[in-house]
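Work the whole structure out from these sequences, hints included.
Here the protein sequences line up with chains A and B, keeping their order.
Numbering follows the numbering used here, with no gaps: position 4 of the first sequence is 494.
Numbering follows the numbering used here, with no gaps: position 104 of the second sequence is 319.
Hints listed in this document are in silico derivations from the structure and should not be mistaken for laboratory results.
Some hints here could point you the wrong way.
To be verified - Within a straight-line C-alpha distance of at most 25 Å, the following computed SDA-like cross-link-like pairs (lysine to any residue) qualify:
{"#": "1", "chain 1": "B", "residue 1": "344", "chain 2": "A", "residue 2": "579"}
{"#": "2", "chain 1": "A", "residue 1": "522", "chain 2": "A", "residue 2": "580"}
{"#": "3", "chain 1": "A", "residue 1": "574", "chain 2": "A", "residue 2": "675"}
{"#": "4", "chain 1": "A", "residue 1": "777", "chain 2": "B", "residue 2": "448"}
{"#": "5", "chain 1": "A", "residue 1": "627", "chain 2": "A", "residue 2": "611"}
{"#": "6", "chain 1": "B", "residue 1": "344", "chain 2": "A", "residue 2": "665"}
{"#": "7", "chain 1": "B", "residue 1": "553", "chain 2": "A", "residue 2": "663"}
{"#": "8", "chain 1": "A", "residue 1": "770", "chain 2": "A", "residue 2": "664"}
{"#": "9", "chain 1": "B", "residue 1": "400", "chain 2": "A", "residue 2": "712"}
{"#": "10", "chain 1": "B", "residue 1": "553", "chain 2": "A", "residue 2": "575"}
Said to hold, decoys possible - Quick partial rundown of chain A residues pointing at chain B, CB under 7 Å, derived from the structure:
{"#": "11", "residue": "572"}
{"#": "12", "residue": "575"}
{"#": "13", "residue": "576"}
{"#": "14", "residue": "578"}
{"#": "15", "residue": "587"}
{"#": "16", "residue": "593"}
{"#": "17", "residue": "645"}
{"#": "18", "residue": "647"}
{"#": "19", "residue": "756"}
{"#": "20", "residue": "757"}
{"#": "21", "residue": "762"}
{"#": "22", "residue": "763"}
{"#": "23", "residue": "771"}
What the hints assert, rightly or not - With the Cβ distance kept under 7 Å, some of the chain B side facing chain A (calculated, not the full set):
{"#": "24", "residue": "347"}
{"#": "25", "residue": "354"}
{"#": "26", "residue": "529"}
{"#": "27", "residue": "532"}
{"#": "28", "residue": "543"}
Note that beta-carbon positions come from the ideal geometry of N, C-alpha and C, so glycine has one too.
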Amino acid sequence: MNFLIYLINGIGLGSVYAIIALGYTMVYGIAKMLNFAHGDVIMIGCYTVFLTMTRYGMNPYISVALSVVVCTLLGITIEKIAYKPLRRATSLAVLITAIGVSYFLQNAALLLFGANTKSFSNVVNVPGITLADGALKISGTTIVTVVVCIVIMLILTWFIKNTKAGQAMLAVSEDKDAAQLMGVNVNGTISLTFAIGSGLAAIAGVLFCSAYPTLTPYTGSMPGIKAFTAAVFGGIGSIPGAFIGGILLGIIEILGRAYISSQLSDAIVFAVLIVVLLVKPTGILGKKIHEKV
Amino acid sequence: MAKLNLKSIKKSSKDAFITYALVILVYIVMQILLKGGHVSSLIQGLLVPMCVYSLVAIGLNLCVGYLGELSLGHAGFMCVGAFTGAFVSKALRDSVQSNLLLFMIALIAGVVMASVFGFLIAVPVLRLKGDYLAIVTLAFGEIIKNIVNVLYVARDDNGYHFAFSDTKKMNFDDSNGIWLINGAKGINRIPNLSNFTIGIVLILIALIIVYNLVNSRSGRAIMAIRDNHIAADSVGINITKYKLMAFTISAAIAGAGGVLYAHNLSTVTATPTNFGYNMSIMILVFVVLGGMGSLRGSVIAAVLLTLLPEVLRGLKDYRMLIYSIVLIVMMLFNWAPKSIEMRKRLAEKFVKKNPTKEEA
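Rendered as structure tokens:
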């Protein structure tokens, strides 16, 4: 029974990682860059919800919607200012700029909101389920997280397969120049990808902070790194891959913490990642890229 | 004595000599300023960290700039070096009298250990490429940090006691012995053996090693792999061998940086801020900003970026914000195709206005 509880908690945490990883993987697929600032967008989303709810007493749903809007705009702005000028530069230069943006967001949050830890009140007010005569309790937050994650994944898959904008994303991720020649608005598509990724980050942030209710300017960095790991785990650039990678990572982390050592849970997650990548160097669902000479 | 003809020296060796001269010049100027008492205690405290970061940046540049493999785990090698070095010097403090000798032993132990780890990690990891390699090195760095946090080593009259996360099994009574590594509390009371002179000497040694390596046959092989590994393979370069060589030497230099780092502090612990991926990223920032494949650039960037937050200290809370803005603006200025074009145009104008410049 304990195992089942851990498993469910793992899926809950994994769903959060999966949502963040979806954002990572979409941006990577299209812009071929690791957006290190993604984790900090999550943190900004959390602060938006926190402030609108505690200071202005807004309805939780409105404040979540507002935070999605804020993060979306933030994502687009970051892309326009920091990443767009570097589109033809080496990927390392973009990576370092992303790190700069990440520092910027952390320190801006430090100035605006202060260094002290805020306790985030749970936004999700859905009752939990009790199964097997009270031995198995599933919290409302976990249920909502898992459901939201699955819904987001399904909508994204549908969006990419069936809409014009989604097809444009696929085209840009395959070949930017060819897509431009076919009349795809490359800049617009990249902005849209950043917008979706950042909007998802806001949702993930709210769910993460509902489960782990401490909020500091550095809250986003560890889930960001974990989600990045999850995206690579599942095969970066692949949407189902990010989902599977996220869920597996969450389960491994919780089970490792419960059965092996709480101090070593991160080490276990990373060790599993290394083993998976050594067996399958492009992740679970990653495509094998053949190199031409 | 043959007459020293500057033109007969190869361009690569000239580059190396300029760097050595620069480091020595900085050292001499710094010593004069220190003697004259013109250096604030704040800057004095930064001298050894600057040497540490320069060292690790030199090491990482070998990996990123010359080998072309992105490593986000160099803080892990620093951590291995720091803990091994501090452990050795604490364990041997009573038996070795000379400070310099003690530091040398610690340094050798730290460097050897870091290169062993570098080698062990490189064997499986170098099969991967690009971002996958980056994430795996990041993972290794985090694992090393995590493991050091649950490692316990103590010594009493019965000898050494080891434990992994569970101290009860150790049979160790701390009334008649000392903790050498105390889990998350790290190593305390490390002898303070680092100083600016040792740091500069280590930087010079690292520079000599890396410059000689990259200008040798092996170095050309390493750069050939970076430029096109398939072409390198087809002309008979043993890719695995040279990748392993570069990565291991890179880890060893990072380990030396770690030893220097640990002996500058009285207590060393493995926290996310000093040995986590944040540190790896900070070092990477030095390397990229200084210019990949330019060792002089790495050292200059490490020194300037370590100084920058301190110089901005007067701005209090805004300093890290400004630091991040400076970082973004510098990256855009250095790498954006448009700004590169603009700089070229400005340079052309400048040359036209001063025709004498062209002759120089």
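Item to complete: Please verify that hint: residue 757 of chain A, Cβ, nearest Cβ of chain B, below 7 Å or not.
Response: Since the shortest Cβ distance to chain B is 4 Å, the answer is holds.
Worksheet item: Measuring from the C-beta of residue 543 of chain B to each C-beta in chain A, is the shortest one below 7 Å?
Response: holds, 4 Å
Fill in: Agreement of residue 770 of chain A and residue 664 of chain A with the hint, judged by alpha carbon distance not exceeding 25 Å
Given that 25 Å is the threshold and the Cα spacing comes to 22 Å, the pair holds.
Worksheet item: At a threshold of 7 Å, is the proposed contact between residue 529 of chain B and chain A supported by beta-carbon distances?
Response: Hint violated; residue 529 of chain B Cβ to chain A Cβ min 16 Å, cut 7 Å.
Practice prompt. Below or equal to 25 Å on CA atoms is what counts here, so check residue 400 of chain B against residue 712 of chain A.
Written response: holds, 22 Å
Worksheet item: Does residue 579 of chain A lie within 25 Å of residue 344 of chain B when you go C-alpha to C-alpha?
Response: holds, 19 Å
Discussion item. Next item in the hint list is residue 587 of chain A. Is there a CB on chain B closer than 7 Å to its CB?
Written reply: holds, 4 Å
Worksheet item: Holds or violated: are the alpha carbons of residue 522 of chain A and residue 580 of chain A at most 25 Å from each other?
Response: holds, 10 Å
Worksheet item: Would the pair residue 344 of chain B and residue 665 of chain A pass a check requiring their Cα atoms to be no farther apart than 25 Å?
Response: The given pair, whose Cα atoms are some 21 Å apart, holds under the 25 Å limit.
Discussion item. Min Cβ distance, residue 578 of chain A to chain B: is it shorter than 7 Å?
Written reply: holds, 5 Å
Worksheet entry | Minimum beta-carbon distance criterion (7 Å), residue 756 of chain A to chain B | Interface hint status for residue 756 of chain A: holds (6 Å vs cutoff 7 Å).
Worksheet item: Does the alpha-carbon distance linking residue 627 of chain A and residue 611 of chain A stay inside the 25 Å limit?
Response: holds, 20 Å
Checked against the numbered hints listed earlier, the structure breaks hints 17, 18, 21, 26; every other hint is satisfied.
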